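Using the hints, put the two standalone chains together into the complex.
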Amino acid sequence: MSDWHSLLFWPDSVALSVLALGILVILFMYAARKPMHGVIHSLCNLVTQSTRFVSRWLFLSAETLRLRNQSVLLAHGQESASAVIDREFERVTNIIRKDMQEFPALQRKLMEELTRIEDDYRKCGEVPPPPPEWVSALESVSQIKSGGDIPRKLLEDINKSIQKIHDKTVAEFRRSYEERHKILKTLNPTWRSVEKLIGEMGKKMVTLETNAKQIDGHMAKFEGIRAKDNKTEHALTTSAFVQLAISALVMVIAMGGAFINYKLIALPMSEMVGASDYISNNLKTSDVAALVIILMEASMGLFLLESLRITQLFPKIASMDDRMRHRLMLASLIFLIILAAIESSLALMRDMLIADKASLMRDLASSAPAVTESWFTSIPMAGQMIMGFVLPFALAFVAIPLESVVHSLRTVLGVLLVQTMRGLGFALRFFGVIFRRFAKVLEMVYDIPIVIPLMLERWVIAMRKDTAD
Amino acid sequence: MKKFQFLWIMLSATLFFSSCGDNRSHSQGVYMLVDTSGTYAQEMGKATKIINYLLATLNPGDSLAVAKVETRSFTEKDIVARVTFDKRPSQATQQKRAFKSKIEEFAKGVKGSAYTDITGGLIQGAEYLNETKAGIKTIVIFSDMQEELGKGTVRDFPIKLDGIRIVALNVTKLGTDNADPRIYLDRLARWEARVRKAGATDWVMVNDLENNMESILVTR
Chain D
-18 MSDWHSLLFW
-8 PDSVALSVLA
2 LGILVILFMY
12 AARKPMHGVI
22 HSLCNLVTQS
32 TRFVSRWLFL
42 SAETLRLRNQ
52 SVLLAHGQES
62 ASAVIDREFE
72 RVTNIIRKDM
82 QEFPALQRKL
92 MEELTRIEDD
102 YRKCGEVPPP
112 PPEWVSALES
122 VSQIKSGGDI
132 PRKLLEDINK
142 SIQKIHDKTV
152 AEFRRSYEER
162 HKILKTLNPT
172 WRSVEKLIGE
182 MGKKMVTLET
192 NAKQIDGHMA
202 KFEGIRAKDN
212 KTEHALTTSA
222 FVQLAISALV
232 MVIAMGGAFI
242 NYKLIALPMS
252 EMVGASDYIS
262 NNLKTSDVAA
272 LVIILMEASM
282 GLFLLESLRI
292 TQLFPKIASM
302 DDRMRHRLML
312 ASLIFLIILA
322 AIESSLALMR
332 DMLIADKASL
342 MRDLASSAPA
352 VTESWFTSIP
362 MAGQMIMGFV
372 LPFALAFVAI
382 PLESVVHSLR
392 TVLGVLLVQT
402 MRGLGFALRF
412 FGVIFRRFAK
422 VLEMVYDIPI
432 VIPLMLERWV
442 IAMRKDTAD
Chain B
3 MKKFQFLWIM
13 LSATLFFSSC
23 GDNRSHSQGV
33 YMLVDTSGTY
43 AQEMGKATKI
53 INYLLATLNP
63 GDSLAVAKVE
73 TRSFTEKDIV
83 ARVTFDKRPS
93 QATQQKRAFK
103 SKIEEFAKGV
113 KGSAYTDITG
123 GLIQGAEYLN
133 ETKAGIKTIV
143 IFSDMQEELG
153 KGTVRDFPIK
163 LDGIRIVALN
173 VTKLGTDNAD
183 PRIYLDRLAR
193 WEARVRKAGA
203 TDWVMVNDLE
213 NNMESILVTR
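Read top to bottom, the protein sequences are chains D and B. Residues -18 to 450 in this note's numbering are what the first sequence lists, from first letter to last. Residues 3 to 222 in this note's numbering are what the second sequence lists, from first letter to last.
So that you can see chain B by itself, here it is in the shape it has in the complex (with noise of 0.2 Å):
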């Protein structure tokens, strides 16, 4: 009976203990957007930089994807390359140098698509971070916003961003936004209103890469 009475006490113990843990998920989800239509593609140095930037700043046990933007995007053979690191902080960097290696090769052959479907990759990256379950989620776009669909691509509809931050990275000006600025502050609000109408936390423009890296990711 006494000892009966001692594992209950014991399991009594373990429950309580266990049950003092933050079940709550600490990890980060970034899923990074590449516009390699047209001109952009050109631009493929500067989202190195960033993605190098992402993996030296991420944690073991956070996600990593980056995915390109073409005629569709809403297709996980977009994505370049994903990764969970592990929670061993050996483990994780390893993982951060294979991922390297990846988006350098992905670098090398990077071909311009004629069209931008830049919703359909929000929706991929949606999909793709509450599959991961991270605490913060973060979509980060590497574009100049300017979407082009093709004939019989359909994005016309409300989408669902719910907990996810939107940054919008390296947003250059196109040579009719030089003509007339009024065309590429339309451009942003209206992504803005529309991530917004989606769900999404947050939205943040960051076109100073040099000084303004540290926007991208939230501080735990």
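The following block holds chain D by itself, in its conformation from the complex (with noise of 0.2 Å):
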């Protein structure tokens, strides 16, 4: 109490001290009133201008990486675009090789078919002779003008040759349209032959066809990622989100996999490694161990993949001749086969552990009833050896979307990024505005508590003013 009472003008009154040391307190704030104002300025000007220029700086910074984005991004998809053309060129290729060099005979064939058919129709047309001229004899026997019984007795003879000729003809005739329409019905084959071979045509022209459209599509995909457009960056970034959000759900299955598999042989590692070394205070070196094995399915699973081409993640596979990619193929493939049979083997040995500590168990207990052998107490045991033969080879095929992950990943991330130091640009700038207005706000702050001599001052300067006029 007494310590602050000593600081004051006249310790025994503390009002008129107080009062007092309020009076200098406006005097000199009043006497400080211009420099604090500059201060004030100064300070939010440097504020403003700071958050301005970093700001600035990071709108710049999100602009640039937008581009470099862009440009990785269209020059992922360029590529991807053009091994999906490259495929689809290679499927029509393959078509054309495959189908279209059947063309040629299957125009012969169509072509023999189309002779025997003209053939038959030409045979069908053919009308056998006419009866002989017995019109002409005719004529000249009514030209006989004088006559009797002559005349009539050869007409009676045309006629009846006529007769005997005309059933001859009749029959004749008969005898040929049935010809012909057996002719006739032999085409049935022939043409649905040749029905069938333009369908088979058609057919692999509409497949030709929808490849071609397929093409187009890709095509068209192309352009616009040649040409920049937006709508085409667009819709690569919602792939790629789309991409990562499926490879991140497969990869999490993956995960739940690889953890079985970590379950399954991590007691058995402790046979071989020991069950009593740890690498830190809750690190068993055989569970680690475990997961060494199980990353090395993963990498030979990768380079199995990599090296039939599936995925690319390393250019040097990807580039390396026919020979050698298919050694490096094989010895994948040998080591993922040694592995899995390696964790198969643990498998069953983790089985034959668990079965041992469970008779120990029952030993030291000595009152739980021992569990009956029978076929079925063996079909975990079978499953487990299964699981452990397959699950490497499935673990193997997380490198497509381990692949899909890196390449989406790294678009998402520089969106992400953009649209992050955009919103600490707006933030930083939004702050700035602020802080320039809070400088007008703290002057007249400053100003509250010297108000009365302010007053004073507009006073005394409206008098001289006066006085002046």
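Just so you know, these hints were derived from the structure itself, not from any lab. All values derive from a computational prediction rather than experimental measurement. Hints may contain errors.
[What the hints assert, rightly or not] One side only, chain B facing chain D, incomplete, derived with CB under 7 Å:
no., residue
1, LYS51
2, ASN54
3, ALA58
4, ALA83
5, VAL85
6, THR86
7, ARG90
8, PRO91
9, THR95
For each residue, glycine too, the CB sits at the ideal point set by N, CA and C.
Now the structure itself:
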């Protein structure tokens, strides 16, 4: 209490001392008004300028990053699209090579069929020779002026002959039509064959047309990428997000598989590397060894898929000559099979260890009844062994989503980074604007305690002005 | 020159990775003292159960020894069975079976001794556990904690139990304890003070063997 009292002008009269101090402070503040306003302005300006500068830098950096992302995205998209187009062209080439090479034979066959049809058709059109020229004979007989019974007889003979020939001709015509009908009947399979051949050709043409349409679609996409239009960029970015989500989901599933795999081999690994060795306080060497085995399987799978050119994470493998790539593929496959066999045997060992431990526990407890051995007790063991062999191969396919994650993650992170930088830039700009206004507020706040001297100043100035006027 | 450079890099990498390993011992060492004096020899069934529990709980790489408390227990002759389990689980299981057989044989032919030298057993146990270099050391005393020394047996000197947990099991009440419980409580307090003074990290007493057996060992 007495401490701060000693600081007062008149320790006995606090109010008077405070009043005196207040007046002194007001006078000081009034005197220091201009420099203080300057300081406030300078400080606020400093902050505003700094934030503006940083914000501008952020916007510029974001733009640079966006352009970089765009070029990477488009380059990657172009690469993917060209790969797809290549594949489509390859498919079309295969179709043309496989199917179109059959076209000359098909055409020849078709031509033969058509010739046969034409011949048959021509045969159908052939009419038997007309009856002898009885008409002109009859005309000659009718022109005989005199006669008696001779012409009549002649005519009767002719009539008889005609009748005979007519019957013969009719029979001949019938036989001929019958033959032609037969020929027409035999044309049916030929027509069917022709129809089938045309159908086959049509189907092949439809496949080719579908592929051509697909190529058109990919080409349009490719052209869009080449033209760097926003629509294609947006589509590629969205595709990257979708790819990342799908790949991440598959990776999570694969991690589940890897965890099961790890559980299968962690215990038996202690039989190899010892159960009481620790790498850190809680990390057993056997657990790490099991993890290493799983990672090795995944790596071998990755190399296998790389050498099969399914994934392209390592350009060096993709650019290897075919013989070397084939060797690498064989080596990774052999390693993978060996690792799968090891894992399968480890799964068997796990089952044996567990059974042994369970038996010991029974012995130690000496009260629990022994488990009866039957065929179904070996089902889990068989299941474990099969899983141990299959899971490494299943894990090998992780390389595909991994590649997808690697490619799409760059785009997604790039987009997120650009958005963050823009957001930060905006926030800083906003902060700068607020600070510029805040300088005014601070000036006003400073002026509040010295409002009386300020009023006096204004009054004096006004008075002087009046006097001067 | 390049070959040497490669070798040098490989050597450095090997040294680096080998230094990453945890050199601390994570194994447990358990030394169990079984009181065979007087009427306590009848409690052998319970002791066998506890040994079985220890066998079931201990892991590969751990050590276990069972010794009887007799007239003078500071001798290896009193160790009934001892084993350091192999690092391989399958071998450890075999060792556990063999250990169990030894204990069963011992339990069949146990004879009561005239005196109870718990201190001698503790010194012997500490010596054994220090030799095992286990990370966690525990001496389990299956006794009523009533020490009775024979003539000429000197045990009234400070002992060393640095870094060792002491677990007293099945500390039964004697006839005199029932008459005056303070005797029992004083006895326990005296033992606790003595082992703590000797440097023991912990003093645990477990009388409920049905439900509180987990307290015998510390979990890693």
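Right, here's what the structure says about each hint:
Interface restraint check for LYS51 (chain B): the shortest CB-CB distance to chain D comes to about 9 Å, outside 7 Å, so the restraint is violated. Evaluation of the ASN54 (chain B) hint against chain D yields a held restraint, the C-beta minimum of about 4 Å falling below 7 Å. Taking 7 Å as the C-beta cut-off, the interface hint given for ALA58 (chain B) holds, the closest approach to chain D being about 5 Å. Residue-level restraint check for ALA83 (chain B) is violated (minimum Cβ-Cβ distance to chain D is 15 Å; threshold 7 Å).
With its C-beta approaching chain D no nearer than about 14 Å, VAL85 (chain B) sits outside the 7 Å limit, and its interface hint is violated. Annotation: interface hint on THR86 (chain B) violated; nearest CB of chain D at approximately 10 Å, more than 7 Å. Interface restraint check: ARG90 (chain B) against chain D, minimum CB-CB distance 5 Å, threshold 7 Å, status holds. Of the supplied interface hints, the one on PRO91 (chain B) holds, with its beta-carbon coming within about 5 Å of a beta-carbon of chain D, less than 7 Å.
This hint holds: THR95 (chain B) has a C-beta 5 Å from the nearest C-beta of chain D, less than the 7 Å allowed.
Checked against the numbered hints above, the structure breaks hints 1, 4, 5 and 6 and satisfies the rest.
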